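Novice: What follows is the residue order along each chain.
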Amino acid sequence: MQKITLPERPDLKDQAEAAGFSFHTMHGEPYWDETSAYGFSLTQIEQDLEAPAEELHAMCLEAVGYILRSEPLLERLQIPAKHRDFVAKSWRNQEPELYGRFDLAYSGEGPAKLLEYNADTPTSLFEAASFQWKWLEDMLERGGLPEGADQFNGLHEALVARFAEIVEPGTQMHFTSVAGNPEDYGTVETLAWMANEAGIVPHYTELDKIGLTEEGQFADNESRVIGTLFKLYPWEDLLRDDFAAHLATSGCRFVEPAWKALLSNKGLLPVLWEMFPDHPNLLPAFFADEIPEAAQKLFAEQGFVEKPLFSREGEGIRIHAPGLALAADFGPYDAHPKIRQAYQPLPVFDGFRPVIGLWMAGGSCCAMGIREDQSPITGNLSRFKPHFIWPTA
Amino acid sequence: MKRNRLTRPATIGLIGLTAFTLAACQEEVMDVPVIRSAAECTALPGATPAECEAAIQQAEAEHQQTAPRYDAKEVCEATHGVGNCEADQASAGSGGGSIFMPILMGYLMGSMMSKLGGGAAAAPANARSVPMYPGAGGTMSTADGSTKVSQGASTTKVGPQAFKAQPTTMGKAPMSNSTVRSTGGFGNSATSGGRSATGGGFGG
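Chains as they are written, first to last, in our numbering: chain D, 1 to 393; chain U, 1001 to 1204.
Some clues are possibly wrong.
Pair by pair, the computed Cβ-Cβ distance ranges are [stated by the list, open to error]: (1) U:Asp-1144 - D:Glu-274: 47 to 55 angstroms; (2) D:Ala-81 - U:Ser-1182: 18 to 26 angstroms; (3) U:Gly-1193 - D:Leu-324: 24 to 32 angstroms; (4) D:Pro-169 - U:Lys-1073: 33 to 41 angstroms; (5) U:Gly-1199 - D:Gln-172: 43 to 51 angstroms.
The hints are simulated quantities; they were obtained by calculation from the structure and are not laboratory data.
The structure displayed is predicted, hence computed values, not measured ones.
Ideal placement from N, C-alpha and C gives every residue a C-beta, glycine not left out.
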């Protein structure tokens, strides 16, 4: 794994705008940054990233069953008591998942370590699946990368195939995201293209325009009943909204299914560590109020990161490590119970710290997207970096 | 294991354009005749009496299925005007008689569009005649209120949305003032204290 400097495509801005990639610059900073890229060997991709991600995914599915059998864990993960049956039923009925993204720390050597699992509402899909691939094609065509260079990126095809597996062709499927957020909308629309290719008929409605019919079904902004809904809105909030009481009775099928509430939750991290202690891709993790003595010692020596059960864009994350005390904006998430995870410093490349995002389509790992930040906490000023695989000799 | 990723098809489509099935507001707008009687229908250029009769019969049948229904005459008249409501004959026979529906005042003649050079808008899916009901201020509108015209209008501009099937109301609990649809029940984002109100996203 190296970071190499590369020329930015002269027509980058035009390409981004032509592609409707309106958030290539955010908060006054570049978000898409191709002035450098990360290069990997095929062995690194296959052995250190792809295979561990699929193993982590299988472990997470085991964890779902484990958590559902334990009321204390459901309490720990703050699953509202009145919706636990609904969540459990989605698992018993084997409601299929669509996608997810594991975020890992990896330096090119040694095992990649799981930082968290975006199992419910992962974004950066357009830039990972499409814009990143276009960059590779352009670079190869213009000689900016060696002939035979590749990319770990089957994301588009894998999600088209996954849609086809889990939703009948011809199904009218609604997609929703919060109004006024182009980044979230970009992910939702990218998914709609994929769904469309899988023979599904996609419709969009803003989240707050969803209504409840007199029969207790959900309806879109044109009063059409919603039968299948992809929601880029997290389960922890769906389960607490005014309409939560109607989730189970609406007859609506949700993608991701409700059991993803157990995985897109930082409480998953201590559960995995309890179930799979010393797994090479896991970091020691515990609920903040029950840290065993041995772990307290480890945390004192190596440092730890405290994370609220729910948070976004790094908010509420605090790092306590020797020589480093860093807290992101506490933000609104600070009131939630916390977990502590052993501190794994991110590698530093030219002053930036990359986090490896590994995309899952169902149980298959199909792509990588990298975001890097100058801060040890990856926040909303992070940049998306393209990657490539060196040609094998 | 060989990846051979370069066989991948072309880069996918663009953000913000047309992945989604188009919403009504972006669809073609067309001129559609509005009539109140068979005589007005046969006066339309090229319309035959048989066609007019068929279109009106179709709208009458739809009226029985999808007219707004109310559990009190006063409630119905509050929306549709005094003297514009009648007892639902279909429910009267089954011991009902306490359900009221507005009179069928006019017809949105989608079935006549092809005669008037309706172009692509005159697709078979739109070739329906839609019942219209009296409303406040000398207007009349479709059952869901989505298309509204003045009671004397002879044509109106609408999107294909105007011809979508209306929800059936027959045999269901009659609408009354207290059973309105609610919206806005999602998006309060409780775990972040209202992140959505600040334009924040929910992706991770």
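Novice: Against each hint, give a clear statement of whether it holds in the structure.
Specialist: Consistency of the hints with the structure:
Between U:Asp-1144 and D:Glu-274 the beta carbon distance is about 54 angstroms. The supplied range of 47 to 55 angstroms therefore holds. Separated by about 24 angstroms at the C-beta atoms, D:Ala-81 and U:Ser-1182 satisfy the suggested range of 18 to 26 angstroms. The hinted window of 24 to 32 angstroms between U:Gly-1193 and D:Leu-324 holds, with their beta carbons roughly 28 angstroms apart. About 48 angstroms separates the C-beta atoms of D:Pro-169 and U:Lys-1073, a value inconsistent with the hinted range of 33 to 41 angstroms.
At about 29 angstroms, the beta-carbon gap between U:Gly-1199 and D:Gln-172 misses the expected band of 43 to 51 angstroms.
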